[in-house]
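In order, the protein sequence lines correspond to chains S and V. Read in my numbering, the first sequence has 53 at position 53, and its numbers run on one by one without any break. Read in my numbering, the second sequence has 81 at position 81, and its numbers run on one by one without any break.
Calculated from the structure, these hints are not laboratory results. We put the CB at the ideal spot given by N, CA and C, even for glycine. Hints are not guaranteed to be accurate.
[To be verified] Once the Cα atoms are required to be at most 25 Å apart in a straight line, the calculated DMTMM-like pairs of lysine to aspartate or glutamate come out as:
1. V:13 with V:28
2. S:180 with V:115
3. V:281 with S:204
4. S:96 with S:59
5. V:237 with V:264
6. S:203 with V:199
7. S:180 with V:161
8. V:237 with V:227
9. S:180 with V:162
10. S:281 with V:158
11. S:273 with V:158
12. V:203 with V:227
13. V:96 with V:28
14. V:180 with S:109
15. V:299 with V:289
16. S:104 with V:70
17. V:203 with S:280
18. S:84 with S:120
19. S:94 with S:120
20. V:104 with V:70
21. V:180 with S:280
22. V:281 with S:119
[As the list claims (entries may be wrong)] Chain S is faced by these chain V residues, among others (derived, beta-carbon under 7 Å):
23. 98
24. 101
25. 102
26. 133
27. 165
28. 167
29. 173
30. 177
31. 178
32. 182
33. 183
34. 188
35. 191
36. 199
Number of protein chains: 2
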Amino acid sequence: MKYINGDNPYGVKIPYIFVTNGGGKTEEERCIDLSRQLQIEISPGQFICGHTPIREMSDAYQTVLVVGGEGEKCRVVAEDYGFKDVVTPGDIIKSKHDTTPFRKLTEEEYRNSRERNFDESTIDAIFVFADSRDWAGDQQIILDLLMSKDGRLGTRSETFDEGPPIYFSHNDIVWSTSHKHSRIGMGALRTSVEALYKELTGKELTTVAFGKPQLGTFGFATRLLREWRKETYGIDKPPATVYFVGDTPESDIRGTNEYNHISDTDWFSILVKTGVYQDDKTPQFPPREICEDVLEAVKFAAQRELGEDW
Amino acid sequence: MKYINGDNPYGVKIPYIFVTNGGGKTEEERCIDLSRQLQIEISPGQFICGHTPIREMSDAYQTVLVVGGEGEKCRVVAEDYGFKDVVTPGDIIKSKHDTTPFRKLTEEEYRNSRERNFDESTIDAIFVFADSRDWAGDQQIILDLLMSKDGRLGTRSETFDEGPPIYFSHNDIVWSTSHKHSRIGMGALRTSVEALYKELTGKELTTVAFGKPQLGTFGFATRLLREWRKETYGIDKPPATVYFVGDTPESDIRGTNEYNHISDTDWFSILVKTGVYQDDKTPQFPPREICEDVLEAVKFAAQRELGEDW
Chain S
1 MKYINGDNPY
11 GVKIPYIFVT
21 NGGGKTEEER
31 CIDLSRQLQI
41 EISPGQFICG
51 HTPIREMSDA
61 YQTVLVVGGE
71 GEKCRVVAED
81 YGFKDVVTPG
91 DIIKSKHDTT
101 PFRKLTEEEY
111 RNSRERNFDE
121 STIDAIFVFA
131 DSRDWAGDQQ
141 IILDLLMSKD
151 GRLGTRSETF
161 DEGPPIYFSH
171 NDIVWSTSHK
181 HSRIGMGALR
191 TSVEALYKEL
201 TGKELTTVAF
211 GKPQLGTFGF
221 ATRLLREWRK
231 ETYGIDKPPA
241 TVYFVGDTPE
251 SDIRGTNEYN
261 HISDTDWFSI
271 LVKTGVYQDD
281 KTPQFPPREI
291 CEDVLEAVKF
301 AAQRELGEDW
Chain V
1 MKYINGDNPY
11 GVKIPYIFVT
21 NGGGKTEEER
31 CIDLSRQLQI
41 EISPGQFICG
51 HTPIREMSDA
61 YQTVLVVGGE
71 GEKCRVVAED
81 YGFKDVVTPG
91 DIIKSKHDTT
101 PFRKLTEEEY
111 RNSRERNFDE
121 STIDAIFVFA
131 DSRDWAGDQQ
141 IILDLLMSKD
151 GRLGTRSETF
161 DEGPPIYFSH
171 NDIVWSTSHK
181 HSRIGMGALR
191 TSVEALYKEL
201 TGKELTTVAF
211 GKPQLGTFGF
221 ATRLLREWRK
231 ETYGIDKPPA
241 TVYFVGDTPE
251 SDIRGTNEYN
261 HISDTDWFSI
271 LVKTGVYQDD
281 KTPQFPPREI
291 CEDVLEAVKF
301 AAQRELGEDW
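Build the full structure now, drawing on both the sequences and the hints.
Now the structure itself:
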């Protein structure tokens, strides 16, 4: 990372931003994590989480169900975003124990969950903020709400078009971990919810996912990058080229390539091999360049901009 | 139940058998449960679990993965069935901790699970015996195997047609519990696995489900009923009519009606209201009769056989 902060042969500083998934944390927390990991200071002003656009929706819905993450973390994030009345699956199970036949709350979950009369509550929207720790229970509750009349638990719509909308903070089917093969993630839960809704109701479910490869995320990134260049580097014009370095073809590369088609700026996709990449397979969404890791990608971009002998 | 054991105005004994899901128990255990609940003696000879046909497959596969149920119960059932080498998801997680990023074994699960070198093991078939308690982890492991070369964990097929077969002991999408609305069950897990396999590989997955409404189960029931009539009542001919009493249209009624089309015997479907039945909805698979409960169904059948004044 020293290269992009100016410690390079030309002393050139390269403006950059991060576009990443949230993992059930606020942007501020993720910035602190990343700053520690990378040993450079990263500001929330140069950081987009998958769920960042959800912040703008906190006025639109009164009561929301927030799914995913460890313990109460996602409730805290949602309240920090300005949502006024945040419900978790734990609240629903605590209030009605037989909601999920095989899922029992731990003592800590029971203590933190908030009992209420859900017969008198209307849930206006469902947000999957982070990876579900309990697929069966969370999907049961999600499906109960999607099939309800106006988000009232305990009711069933006859037409199956009266439930609340559901939003996923990102759509990565798989993600890279210490395991040799990538693991299923939030996009897989989305696929499962859609398939079960179809099976139970005979109808197609419309779900919304934020994050990559959604083009809105890249538009958001463009605005953020422009502000960051202006405030930090005093440059008040759009960049000629944006290098987007990512490890996942389906989200990073696909989104970059598609956004490039509609953008005046040249969005240049670089795939790094440190994630789900496999040497013997051609990615379904091919990048314009493949590099070993992020440092090599930065060097490649700098050389392409500044010349071969950089 | 007194009615069908002969304590009725005509002193007529009516031969009957049970066709049910297993819940991760052996036929013997389920018979003991049912005998206690119903206060009559029920013999394994008049009892079919969803997974009973799996018993006949224990010679066909050397090493099998068994999914579902509490703790070690399904391993015990599978070993009781004659399977020689039974692996659980717990064994795989104990041997490779990062298999499932968000699932940690409890102390008891860790103690009971059996560590081994899965790089040197070939898993020949997958059996979902009972409801999964960990949808995300179990599906990750199932998908790893389905996408493997010849059931070797850690490998990935390039053609995605080299994995082991997968069997589900029944296919009920929903089941009836104390909750007002039916809850998602094993058939829902099957739907999810199929949808995720399609999403990850682009290919359709062929899965096999036992139990109702599969016609093989009704054929099995016919053989059992015939043996039971012969041994217990000394009647050595097929019945003219079989009354099939069930609470779930999608499995009980559908299977009975379809089997009736191909059987010489008249299979007569009766839906009882004590399960997923809802008064205001017409079942997708309509029964020939609807009764309040099993006793009313037995009375109905007896009257239909023996006359109105019975």
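### Query
Against which earlier hints does the structure fall short, listed by number upward?
4, 12, 13, 21, 27, 28, 32
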